[in-house]
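Participant: Chain residues, written in single-letter form:
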Amino acid sequence: MSTQAPRIVSDLACGFCGLGCDDLEVAVMFREVRPRRACPEAARLLRRGPGQPAAPRVGGREVPLVEAASAAAAHLKASRAAAFSGLGADVAGLRGLADLAVSFGASLDHAASEGLFRNLDTLQRVGWVACTLAELRNRCDVLVVVGADPTGLYSRFFERAVPAPRTDGTGPLFLPQGRTIVFLGHGPEAATRNLLAGQDVREVPVPDGLLAEALAALGAFVAGRSLADLGGAFAGALGEALQEVAGLLKAARYGVLTWNAATLQSGEAGLVVGRAADIVATLNATTRAAVFPLGGRDNGLGAHQVMLWRFGYPLRTLVGGGEARHAPGLYATAAALKDADLLLHTSAFRPDPPPAFDRGPVIALAHPETEFAREPEVFIPVGTPGVDHGGQVFRMDGVVCLPLEGLRDAGLASVAQAAAAILQAGRAA
Amino acid sequence: MRVRVSGGRVFDPASGLVDVVRDVVIEDGRVVADDPTLPSHQVHDARGCVVMAGGIDLHSHIAGGKVNLARLLMTNDRAAFPEPFGDFCGCGGGQAAPTTHLTGCRYSQMGYTAVFEPAVVGANARHAHLEMADIPNIDTGGFLVLGNDDALLRLIAQGEGQGAVNDYVAWMLRATQCCAIKIVNPGGISAFKFNGRSLDLDEQGPFYGLTPRRILTTLQRAVTELGVPHPIHLHGCNLGIPGNIATTLATIGATDGFPLHLTHVQFHSYGTAGDRKFSSGAAELAAAVNANPHISVDVGQVVFGQTVTASADLMAQYRNHGIADPKKWIGMDIECDAACGVVPFAYRDKSFVNALQWAIGLELFLLIEDPWRVFLTTDHPNGAPFTSYPHLIRLLMDRDFRNAQLARLHKAARAHTNLESLTREYTLEEIAIVTRAAPARTLGLKDRGHLAPGAVGDVVLYEDGADREAMFSAPRLVLKDGREIVRNGEVVALVEGRTFAVKPDYDPLMDKRMDRWFDEAIGLKAKHFRIAEGEIRNGHGPSCVECAP
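Which chain is which? The protein sequence lines are Y and Z, in order. End of the first sequence sits at 444 in the numbering used here; the numbers just go up one at a time, nothing left out. End of the second sequence sits at 754 in the numbering used here; the numbers just go up one at a time, nothing left out.
Keep in mind that the hints were calculated from the coordinates and are not lab data. Because the structure is a prediction, the values reported are computed rather than measured. Using N, Cα and C, we set each Cβ at its ideal position, and we do this for glycine too.
Below 25 Å or equal to it, Euclidean Cα-Cα: the simulated DMTMM-like pairs (lysine to aspartate or glutamate) are:
| hint | chain 1 | residue 1 | chain 2 | residue 2 |
| --- | --- | --- | --- | --- |
| 1 | Z | Lys730 | Y | Glu174 |
| 2 | Z | Lys708 | Z | Asp652 |
| 3 | Z | Lys482 | Z | Asp530 |
| 4 | Z | Lys533 | Y | Glu228 |
| 5 | Z | Lys708 | Z | Glu430 |
| 6 | Z | Lys717 | Y | Glu40 |
| 7 | Z | Lys732 | Y | Glu56 |
A short, non-exhaustive set of chain Y residues, derived as facing chain Z with CB atoms under 10 Å:
| hint | residue |
| --- | --- |
| 8 | Asp26 |
| 9 | Pro178 |
| 10 | His341 |
Using the sequences plus the hints, can you model the full thing?
Facilitator: Written as structure tokens, this is what we have:
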């Protein structure tokens with residue numbers, strides 16, 4: 016058997032960071048998965064050894080799935096204030112978790128929703144004009160990266176979003192003149208600088224804590240005010256640089272502002288997002304522009320979408336008793352756990368342990384390699400979408416939903432199967 | 206299992222049966238010829254009831270990204286209309302942009318059993334199908350939006366010929382598991398991405414230099430040659446602009462004899478007469494529809510109240526975003542494919558424009574003579590939520606009621622409509638046509654919209670009553686595939702619906718071309734764009750609507 020060649024699987028879609036790359040390649044041999052073409056993060060999360068993954072446990076004791084599901088259902092039935100955290104699952108898994116919430120009552124929040132809610136503060140209150148990845152790729156002639164270089168979290172962002180024009184006609188559709196990329200905030204990292212070599216890259220360093228101010232000034236310049244109008248607050252190099260960026264955006268045919276709200280400083284994140292959207296709104300009166308917010312790790316955008324179509328509210332909503340109540344302040348995981356008597360944590364994409372919780376039982380529908388600070392009352396190891404089973408995940412733009420492919424059968428239940436088993440056990444009891 | 210619906214007045218115009226007292230017998234989910242010698246396992250007493258096939262809505266935005274954006278903006282509406290508590294509650298709600306579960310429940314509660322999402326953007330098709338899979342009690346299908354997609358515009362502009370366009374259209378229909386082609390503002394959505402703010406029928410769009418007329422006729426020919434049953438479903442140029450009746454009439458003139466469906470024509474029937482430069486073009490449009498048997502329309506009736514407008518026509522939505530109510534809106538350019546714009550809006554009977562829009566819709570309903578070519582829609586949620594259908598049916602069937610409503614409108618608007626003089630009242634037969642028989646026929650759904658043997662066992666019993674709004678709000682009984690799902694207007698069971706798709710043939714060379722297009726332009730693999738059969742309706746796969754090339 017050991018002489019058998021591994022199966023090479025190409026053009027895989029990836030559900031980890033939210034960028035939705037779909038040209039990954041792995042070698043699969045029985046339960047073993049070895050990445051061949053993947054960014055470092057995807058490689059780490061795709062890799063699987065040949066061993067048998069963990070089995071379900073109740074109170075630390077290995078049990079069959081049905082028994083673990085029964086134990087979970089019993090805990091859920093006894094609970095009066097359950098919090099569902101993590102929500103790292105494919106769409107089918109999220110639908111299963113939504114069913115559990117309807118049946119037993121629970122608040123729901125995703126592990127990576129902090130950035131999403133910083134964006135929703137603007138999107139829900141006033142709205143914005145956004146674009147998707149292919150529009151950015153083919154149309155954007157001026158890209159302003161607000162805040163930190165996103166490469167650390169989305170390592171292929173620039174490669175995918177702003178490929179350089181090419182002479183053979185296979186490059187961006189509408190950019191014969193190339194494009195300008197402005198880093199407003201922290202400058203590009205070395206790898207980014209290399210990748211973008213040959214493109215017009217500008218840097219406008221903005222000290223931490225002044226980003227919202229800088230965007231206010233940029234907005235003022237875009238709206239036609241001058242340095243003199245601003246009363247000297249932005250006199251100097253930064254003001255001049257911002258005025259130049261404003262000029263670039265106004266002259267652009269399709270300017271795009273991008274940011275990762277999760278990595279903005281919490282004190283100014285809301286303002287940064289609001290002002291970026293404002294700038295785009297001003298630009299659209301005379302030319303075209305859009306925002307492109309980064310985010311969406313572990314199908315966070317999928318969780319957002321499923322919540323909206325099932326309950327009519329975003330995440331951070333309490334469901335149960337025939338009702339749903341949206342209160343971000345109360346039902347963000349950290350807040351919800353202060354009043355919860357049960358935690359159900361789901362993390363199928365990565366071995367992230369549940370948040371600390373000691374007010375009641377913990378049910379973990381988690382990656383089999385999860386290391387727990389304390390043994391959960393119920394642990395159901397679940398397969399990873401795109402490794403152990405197929406599934407669907409949303410890309411960060413919230414529009415494109417990608418199919419993931421199962422690579423191996425290691426006997427792990429999917430989140431959808433685990434949730435269905437719990438639901439069935441709850442009905443049978 | 207034989208189910209007998211006994212003694213009702215059957216309105217089945219597709220079968221030529223109008224107001225005939227007879228039994229409808231369903232065996233294993235399908236209507237069969239009545240054989241009184243065979244026992245029935247279940248008998249539903251339909252005496253005193255009007256019996257019709259399940260309702261079919263061919264234009265209602267119920268699923269996909271723009272609907273979710275609408276939900277995001279409409280959480281106050283969501284909170285104001287929670288789903289009723291009970292055994293069949295899904296903890297959802299909303300009226301203007303209801304949740305999926307509630308959408309299926311509310312439609313079936315009115316006797317509808319099939320609803321079509323008329324604007325599936327290819328890039329968002331998987332999402333739309335995932336939502337549809339979560340809608341119980343009704344069958345669904347999607348119309349794929351083409352006509353602003355760069356792949357198509359490039360094909361046409363490069364002079365690739367009709368054959369290549371046909372192959373592309375067939376490839377896209379299969380890839381997205383849709384059942385018809387919709388065009389939204391042909392070329393206009395693309396033009397807006399290049400900062401074009403308007404595009405008339407014979408104006409050349411930016412970059413590709415194509416006129417909307419050229420895009421329209423090319424796609425009309427494609428759909429006809431592929432044999433897709435429903436003709437091009439067109440949201441034309443210049444939506445909402447005073448004077449757009451001229452464009453709409455010119456569009457009818459551009460069809461060259463090819464069948465065409467003009468959608469939400471109310472929004473495309475505006476003149477510029479009068480001191481407010483906004484007037485009804487309904488009479489002109491109705492005359493054109495009456496004179497052109499290859500044209501069908503749905504109305505997109507406005508009903509007063511809060512709603513949200515959601516459209517792929519970002520050019521038009523950008524133009525209107527200033528009148529958003531409440532003041533917020535979302536726009537999005539989508540994936541070299543299309544766009545969307547979501548603008549909350551409240552129609553007010555004291556507003557001149559809104560009142561006239563209301564009247565124009567009704568004028569169209571009453572002036573277009575052939576009910577087989579006009580379908581009952583509010584373009585949910587753009588003209589009004591679909592839950593206003595019973596009210597709309599009463600407006601059509603009851604002239605006194607209509608005139609009483611008219612009397613409450615903005616005075617100047619009343620002076621600008623001849624609605625009061627229109628005496629026509631829709632009959633039950635005509636209601637059965639515009640809400641069942643006609644949409645089924647145009648969509649190629651041979652086993653729907655009628656009650657002849659072979660028809661699917663979707664049967665609705667309405668207790669006959671003078672108040673048509675009450676009558677159509679709460680049917681006594683709704684059967685889906687012969688199974689009782691609604692009784693006295695209340696949901697009593699949830700069943701899984703189907704999703705319809707067409708599978709036209711294409712030259713396999715198009716697979717290679719599309720692989721290259723997606724690799725080079727979109728930055729996504731074509732194989733991931735394509736939706737597998739198993740992704741439809743929780744693994745059940747689509748129900749195929751036959752093409753007749």
